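A.B. asks: Now for the letters of each chain:
There are 2 protein chains.
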Amino acid sequence: MLFFFFFFPLLYHIYLIRLIILMSQKRIILEVRPFLEDSIKDAFTSGIPNCVKLADLGCASGPNALSAISEIIHTIHGMSRGMNCKSPEFQVFLNDLPGNDFNNIFSLLPDFYEKLTKEDGTLGNCFITGVPGSFYSRIFPSRSLDFVHSSCSVHWLSQAPAGLEKNKGHIYIANGSPPTVIQAYTNQFQRDFSLFLGLRSEEIKPGGRMVITTIGRSMEDPSGGECCDLLELLAKSLSDMLAEGLIEEADLNSLNFAFYFPSEGEVRALVQEEGSFNLDKLVTFEASWDPFDESDKYRGAQNVANYMRSIAEPTLTSHFGGIIIGNLFGRYADHLAKHLLMEEGKYFFMVISLTNK
Amino acid sequence: MLFFFFFFPLLYHIYLIRLIILMSQKRIILEVRPFLEDSIKDAFTSGIPNCVKLADLGCASGPNALSAISEIIHTIHGMSRGMNCKSPEFQVFLNDLPGNDFNNIFSLLPDFYEKLTKEDGTLGNCFITGVPGSFYSRIFPSRSLDFVHSSCSVHWLSQAPAGLEKNKGHIYIANGSPPTVIQAYTNQFQRDFSLFLGLRSEEIKPGGRMVITTIGRSMEDPSGGECCDLLELLAKSLSDMLAEGLIEEADLNSLNFAFYFPSEGEVRALVQEEGSFNLDKLVTFEASWDPFDESDKYRGAQNVANYMRSIAEPTLTSHFGGIIIGNLFGRYADHLAKHLLMEEGKYFFMVISLTNK
Chain A
1 MLFFFFFFPL LYHIYLIRLI ILMSQKRIIL EVRPFLEDSI KDAFTSGIPN
51 CVKLADLGCA SGPNALSAIS EIIHTIHGMS RGMNCKSPEF QVFLNDLPGN
101 DFNNIFSLLP DFYEKLTKED GTLGNCFITG VPGSFYSRIF PSRSLDFVHS
151 SCSVHWLSQA PAGLEKNKGH IYIANGSPPT VIQAYTNQFQ RDFSLFLGLR
201 SEEIKPGGRM VITTIGRSME DPSGGECCDL LELLAKSLSD MLAEGLIEEA
251 DLNSLNFAFY FPSEGEVRAL VQEEGSFNLD KLVTFEASWD PFDESDKYRG
301 AQNVANYMRS IAEPTLTSHF GGIIIGNLFG RYADHLAKHL LMEEGKYFFM
351 VISLTNK
Chain B
1 MLFFFFFFPL LYHIYLIRLI ILMSQKRIIL EVRPFLEDSI KDAFTSGIPN
51 CVKLADLGCA SGPNALSAIS EIIHTIHGMS RGMNCKSPEF QVFLNDLPGN
101 DFNNIFSLLP DFYEKLTKED GTLGNCFITG VPGSFYSRIF PSRSLDFVHS
151 SCSVHWLSQA PAGLEKNKGH IYIANGSPPT VIQAYTNQFQ RDFSLFLGLR
201 SEEIKPGGRM VITTIGRSME DPSGGECCDL LELLAKSLSD MLAEGLIEEA
251 DLNSLNFAFY FPSEGEVRAL VQEEGSFNLD KLVTFEASWD PFDESDKYRG
301 AQNVANYMRS IAEPTLTSHF GGIIIGNLFG RYADHLAKHL LMEEGKYFFM
351 VISLTNK
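Going line by line, the protein sequences match chains A and B.
Counting in full-length UniProt numbering, the first sequence runs from 1 upward without gaps.
Counting in full-length UniProt numbering, the second sequence runs from 1 upward without gaps.
What the hints contain is simulated information worked out from the structure, not anything from laboratory work.
Everything numeric in this text was worked out from a predicted model, so none of it was measured.
There may be inaccurate statements among the hints.
If chains are identical, the list can't say which one is meant, so a pair holds when it fits in one copy or spans any two.
Think about it this way: if two alpha-carbon atoms lie no more than 30 Å apart in a straight line, the pair counts; the simulated DSS-like pairs of lysine-lysine are [as the list claims (entries may be wrong)]: (1) K357 to K86; (2) K86 to K205; (3) K236 to K338; (4) K205 to K281.
Whenever a hint applies, use it, and build me the whole structure from the sequences.
C.D. replies: Pasting the structure below:
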């Protein structure tokens, strides 16, 4: 395999990025697994419907698109066996934006179904469907879902907020961002997350459950979050390119990512204020920016840069054109390495379990 | 536009083929429309559920993938207005094989939703999902669907039948085919269509309706169907290429298309024998092979060849390799022209409406 990649370095690069994405998501799935299992057991302790309707929001299209769903199905099936009941049927709705590569997920399904049946022949029929659409709009019929899962998706805002003209040289909330910028981001998240809760409340059956994993921040101050550094180092790399005349100032100033990384306090307050759901449980955990936790910080920085590239490249390409990307992420890896040599880089994750009232 | 195509003849060819497919499907939709409307009215005359669950089986991915669904939604919405009821919600399941280009259908959805709302602001929420899978297996939960539609799909068998070794020089049932070949095709269709009915009966609610349009044959003799000629002319073109040493004899002899075009009698008997559905209504109609009905038979033949190419190319390419395709369909157009100069070429269609017992 290594011999093969020696002659095809681009294929090696693609392989490496896929591996990094796989690892990044895999460790979140492993970390969240006990919490998810508990929530499922709570949700179906009083009975399992004949057909369990599950949704995964922001499923993406990579090799992990079916991992969480597989976990959920196996847990519910295990419960039905424990209750000496026939395994229910499962109707699964995989959701992402219409531009997501659903063809790729669908090509994985024949193997997925075969694996499910091989692992356990008593498992009920499982029907997987694709639902293209933004979860900031209605995407399912009223009161039709039993259990909703979403991992690393609700920190994507419906759009970058308006009123960020003063966020010059930054691409997200940074230490130097004026209060109006912080307020604009905070307001956008409040609107979006409340909308998200309200819409899901219409779609989930009364008493139905939702488990959300999101990237957040450990401190209450929005300009001090763990991801601010990560994005500010990317902004720095862009500023270097601006200084060398490789990009336009107006282009850098008008770029603001449509992310928000909330604090625990914000999430708790918004759930209560919106009022549709009870927050049953909230846990937090940290994970290194580098999914391989390399001791060599230069290699670690390269992993983080590759991962961030997989997330940010579409936005950056449509903003600056594709020609700057290689150069930009080379610089970004350098900045990341300097940072990682001085201090650890960590994501802060929050997992919440909600019950529809 | 014509000026543009003068410089890009390949694009013109693609455009033409898309137009031919569009026209071929459009005229079927127009022909079936009154029948479909009547069946919908019958199905929902005693009441419309809060959320109507519709499925389209074998939806493909072209510009007509959403046409039948749009018709069905508008008819049911019109009924709800006539009953002075609030418009129901619609959950739509578009099904085809996992290799179908669902991404293309999903890219049409934002415009489709916008058009639905523009045409009628009182229309209830509509949620469209993709369901990859063969309709010769279970693809939906038990008793979950209100109305199922399928156009030009159930004449595709689950596979070409076994036992066709003696069908040398032919690619489907032909005048010279031995009785064992005819029997093998007939048996395969009987097994597949009965299986299809049994599976759908498990998935459709009791009293729910299914409308199927299929290509069939007007006579009872299976070797005399309208499509036998169409496929036999393709077999002739392949035989010409064999005579010139352009393809291998073994390859031609082992090619048999997985189609079957049933007679009215066969369909009626199978529905009754399988027993899950009542056959409410069956109508038939004819349509010219050439969707444009050109008076110039050479141009007509080219249209038919282009249309057949869009259907048969994947099978032929995987069997003979792509290199023969252009040559083959050139010869096919010649054979078709000779045929059309002597007699009309017609498809025979059957539309049936079934109620789940």
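A.B. asks: It remains to establish, for every hint, whether it holds in the given structure.
C.D. replies: Quick rundown of the hints versus the structure:
1. K357 to K86: both (28 Å within a copy, 25 Å between copies)
2. K86 to K205: both (22 Å within a copy, 21 Å between copies)
3. K236 to K338: within (12 Å within a copy, 72 Å between copies)
4. K205 to K281: Intra 19 Å, inter 38 Å, cutoff 30 Å: intra-copy only.
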